[in-house]
Amino acid sequence: MQSQDFPQLASIEQIEQGFESFGYICSRKIATSVFLAFALRKPILVEGPPGVGKTELAKTTALLLDTPLIRLQCYEGLDEAKALYEWKYGKQLLYTQVLKEKLGDLLHGAQGLAESVERLHQFGDIFYSEDFLEPRPLLKAMQQEKGAILLIDEVDKSDYEFESLLLEILSDYQISIPEIGTVKARTTPMVFLTSNNSREISDALKRRCLHLYIPFPTVELEQRIIRSRVPDVDEKLRHQLVEFVHSLRQLDLKKVPAISETIDWARSLLLMHAEQLDEDLVRNTLNVLLKFEDDIEATDPELRGLVRDSGSD
Amino acid sequence: MQSNIVSFIQVLRSHEVRVSPAESLDAVNVVATLGYSDRSLLRDGLAMTLAKTPEEEVIFLQCFDHFFHGELVDFATADPPQATDQNVLSLSAESADNVKARDGKPGDGASPLIIVARDNPMLQSLLQSPLMQSLVHNDRNELTMAITRAADQVGLQQIQMFTQKGQFTRKILDALGEEHIRNAVIALEKAENPALVEVQRYRDILREQVRDYVEREYLLHAEGKTRQFMDEILSKTRLNNIEHTYLHKVHELVRKMAKKLASRHSRKRRQLRRGQLNMAKTMRKGIATDGVMFHTYWRQVRKEKPQILAVCDVSGSVAAYAKFLLLFLYSLQDVLPKVRSFAFSSHLGEVSDYFDSYSVEKAIELVNWKYGGATDYGNSLLDFARLALNDINSNTTVIILGDARNNNGDPKLEIMQSIYQRSRQVIWLNPESRRAWGTGDSEMLRYQSACHFSAECNNLKQLERIVDQLLKSIG
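Heads up: the protein sequence lines correspond to chains U and V, in order.
The first sequence: position 290 = 289 (numbering that gives the first Met the number 0), numbered continuously.
The second sequence: position 109 = 108 (numbering that gives the first Met the number 0), numbered continuously.
Chain U with its partners taken away, still in its complex shape:
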């Protein structure tokens, strides 16, 4: 992708504003990383706790640039046949059938085996050709005429071997297919990799990427996010609920509520026409924020204090 094609990415401020217009409020650091990734043509490895908007970042960038988003969800056992390319076996089989039938016509009049083989060689070898190639996400991203956003989601879920498969794509934006040769990206895609840190990513992969860690947002940032995502929430309530979630994050929980949970909670409070937080309201809606029964039980005795501290009284 060339920078002149995308004035949206010309400066860090513009990126921030652009993201904001699509409802993605980001810290300056995030905007800087997108700016750098674009300027240096490097992939971004986004890490951070679940629900802080890692995947959303790639989606919003695709919206901002108005380019297709190609997504590859990683899982254990993901291999090149599902990530890179696959041969269209069915068609290849049909092709051999057709070939068998036509063989007589083609070899008509050939003298001896040697001549037959020679004549056979004259036909193009289309058995392994791009016609029979079924592109999978990674190859598809390379083939996009106008560039694309490639999102390799939860790369930590994949196997070690798959990581090495990614190396060629991430550093040179090309894919080697043994039967055909090297397929170079028509336009360099912008690549986002996300990781939840369920295992250590190899150094070779990290080295090729910009590293962006998205932590839980600050109170101010989260306020802005809620204002942008759930604009109908009254300012006072918004203030309270963000404070409450922040104090909840200080507790020892199995799964701390992330931004997506805060947004969901804000929406549910809106539906219930709540005007301010009180203990009962929080208790009844806590399951939106906390996803484990243990967490809910552990929080229960603290609720009164937490609600008070968030400034509702």
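Just so you know, not all the hints are guaranteed correct.
Unchecked claim - Just a few of them, taken from the derived set where beta-carbon distance is under 10 Å, the chain U residues facing chain V:
1) Thr31
2) Phe34
3) Leu92
These aren't lab readings, by the way, just hints derived from the structure by calculation.
In this text, a Cβ means the ideal position worked out from N, Cα and C, and glycines have one as well.
Guided by the hints, dock chain V onto chain U, whose structure is given.
Relative to the frame of chain U, chain V by itself:
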């Protein structure tokens, strides 16, 4: 400025942030893209290319602040100095007075120093020296530059150990010409001159500034090196010679080594999961589809789960080593199959339970406490045979750690031999050096005959090598 980035990367490397040449290039590109104008922007940008984990990012931020401390912040904004305390504040007030005095308004506001200096040629010349000038006028920029120059002159960047801090501080002070101030202090002290206090204060400020500077440079250049040096030394020291204060460092080191080994061997195990193509079965199943082999079948590699029995002597002479072997083995739980551990001195017992219910360190403590005492190998081997001999088969690796000093008792070699015959391998680790084997009451040479492999093992390096081999052999 490019050389600046390079030396910054040097600093990062010495703090164990791994930065490859390719990443250095990226960093230079980042600087070229972002420019130097916005400090926090530059910091974020560099952090993305140079720091690859949240932990590294913390180190990075610290180093960044240290490194670009003098160059970007202080000179640009000329903050009031915060490193020194009240002294400086009072100094600045005072120096304002001095300036006034200089302007030709001598009198009540003038400090005793100026008054005294008027009729003391030595003090007069001292006051005129650039160093004293910058001190008196609180000219921080000039002073910092002078210190930097002096530091270059004495080669402060070479600083390696914290013990060198004092030495470098003195060298820099000498290069700055501090001795004139010092001499003046001595002279004034003798003369009981009222200006003494003030000169003394300038001297102290100067010293403090230089000390701070050296401290900062030490943190930048040497701390990382010292740590590497420590790790290196610790891994080669005999484990029972390591001082108590360093023990936590050794634990850390063991964890690190174990992690390295674990990642190396876990990859290998993964590869072995799928076996060869089972041609016969593939063809047979293909009959249903007219001989077209739609599905492939693979020979599964059936692997018996290997088992490890660790038998450790925990008597006084060997306890320290046993501790580290156990720590090592239990740090490798991800790649090692289930480890059963036994401890003995006069008698033997299984201690696996301790490791299940307590943290490794705590468990080791408990084991030491319960089984420590005088050694009896014969008796302990009997106990071991009773407890575990029936569980030993061709998938079992038995690791014995001990000095084989049996206090002249019955060695019960025949038990060792039956273990040897049943097991896949018996490894004996002896903390004593090979030359001492078989001397005095050591039965090592006899026991050795019933081992597949015996090795001297008294520091972490050796231990790591042996565990590496062990993992290879059972992988």
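Now the hints, each set against the structure:
1. Thr31: Since chain V brings a Cβ to about 5 Å from Thr31 of chain U, closer than 10 Å, the hint holds.
2. Phe34: Holds - the Cβ of Phe34 of chain U comes within 10 Å of chain V, reaching about 8 Å at its closest.
3. Leu92: Hint on Leu92 of chain U: holds, closest Cβ of chain V at ~8 Å, below 10 Å.
Going through the hint list in order, the structure satisfies each hint without exception.
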